[in-house]
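**Q** Build the full structure now, drawing on both the sequences and the hints.
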Amino acid sequence: MRIAALRLLLLALMAGLLGAADPAAAFKKAMASDDSVAKKDAIGAIGSLPDADVLALLVSAVDDRQAHDAAVAALRGRTGLQPTSRNRSAGYPGYPTADTGAAWGQWLAARTKEKDAEKKSAEQDKKLKELEEAKKKKEQEGKDGKDGKDGKGEKPADGTTADAAPEKKSSLAVEPPADLGRPDRILFKNGGSLVCYILSKRTDADGVLQSVRIVHLDDGGEEILSADLISRIEEDIR
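Numbering (the working numbering) for the sequence shown: 1 to 238.
Just so you know, the hints here were simulated from the structure itself, not pulled from any lab data. Since the model is a prediction, treat every value here as computed from it, not as a measurement. Among the hints, a few may not be true.
[As the list claims (entries may be wrong)] Calculated pairs, DSBU-like style, for lysine-lysine (alpha carbon to alpha carbon, straight line, at most 30 angstroms):
{"hint": "1", "residue 1": "K201", "residue 2": "K126"}
{"hint": "2", "residue 1": "K189", "residue 2": "K135"}
{"hint": "3", "residue 1": "K28", "residue 2": "K113"}
{"hint": "4", "residue 1": "K138", "residue 2": "K28"}
{"hint": "5", "residue 1": "K135", "residue 2": "K201"}
{"hint": "6", "residue 1": "K120", "residue 2": "K189"}
{"hint": "7", "residue 1": "K29", "residue 2": "K115"}
{"hint": "8", "residue 1": "K137", "residue 2": "K201"}
{"hint": "9", "residue 1": "K129", "residue 2": "K201"}
{"hint": "10", "residue 1": "K201", "residue 2": "K189"}
{"hint": "11", "residue 1": "K201", "residue 2": "K138"}
{"hint": "12", "residue 1": "K119", "residue 2": "K138"}
{"hint": "13", "residue 1": "K126", "residue 2": "K136"}
[Claimed, not checked] Simulated DEER-style distance windows between Cβ atoms:
{"hint": "14", "residue 1": "D35", "residue 2": "G101", "range": "16 to 22 angstroms"}
{"hint": "15", "residue 1": "K113", "residue 2": "A32", "range": "27 to 33 angstroms"}
{"hint": "16", "residue 1": "K129", "residue 2": "P83", "range": "38 to 44 angstroms"}
{"hint": "17", "residue 1": "D51", "residue 2": "E139", "range": "18 to 24 angstroms"}
Note that CB positions come from ideal geometry on N, CA and C, so glycine has one too.
**A** Next comes the structure, spelled out in structure tokens:
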């Protein structure tokens, strides 16, 4: 009997430790019970979780009769929002239209949609920046190859040195090859744009654009742009 009692005590302690290690699981367990004190304690214990997790858990408890007041108070504290005089608002990013599970659920859905859009936009901006940096690096490497020590001091056929007779660059724009057609404009999702020649477009089996192969106007360098970065393409603008 004594050994059995010790085993039960040990199991209870382990369950308590597991619940403390996972406040989300403890929260769901408390909400499934009829213990109002356990529900309020569970609401207070999830504060260390990320905003997205905490808000979802609290919204799920709004319609609980025993936990309603504590859940709404926690939502107000977490979001920094307060109701209007009539407990009405236009919804996200303001206060929900009512302190109900449905209204707070709509508020949370709108917030999640906005956060996802912001994350996607940031990822697209990062990709575009990486492409721009790669292009600048390539151009710099080409410039270093022309201006570096390689080939300096070599005598051309006329007997002069390369350093003594630098090539004079023309200020006139070089006409692009006729077979490229008319220039096109690519508008990016981050608000930028690029005038260039489009060589080809790659699509998937459903005809959805995947990437665009272009030639730049200035130096004729080629580049492949991902469709994720592109908002619109205006062809033959000149």
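**Q** Hint by hint, say whether it matches the structure.
**A** We went through each hint and held it up to the structure:
1. K201 - K126: 22 angstroms, holds
2. K189 - K135: Distance of about 19 angstroms is within 30 angstroms: holds.
3. K28 - K113: 25 angstroms, holds
4. K138 - K28: The given pair, whose Cα atoms are some 55 angstroms apart, is violated under the 30 angstroms limit.
5. K135 - K201: 20 angstroms, holds
6. K120 - K189: Roughly 11 angstroms separates the two Cα atoms, so the pair holds.
7. K29 - K115: Satisfied, since the Cα-Cα distance of roughly 29 angstroms is no more than 30 angstroms.
8. K137 - K201: 25 angstroms, holds
9. K129 - K201: Distance of about 21 angstroms is within 30 angstroms: holds.
10. K201 - K189: Within the cut-off at roughly 18 angstroms; holds.
11. K201 - K138: Distance ~23 angstroms between K201 and K138 Cα, so the pair holds.
12. K119 - K138: 29 angstroms, holds
13. K126 - K136: Roughly 15 angstroms separates the two Cα atoms, so the pair holds.
14. D35 - G101: 16 to 22 angstroms: Because 20 angstroms falls inside the window, the suggested range holds.
15. K113 - A32: 27 to 33 angstroms: 29 angstroms, holds
16. K129 - P83: 38 to 44 angstroms: 42 angstroms, holds
17. D51 - E139: 18 to 24 angstroms: Cβ of D51 to Cβ of E139: about 42 angstroms, so the range 18 to 24 angstroms is violated.
In summary, the numbered hints that this structure violates are 4 and 17.
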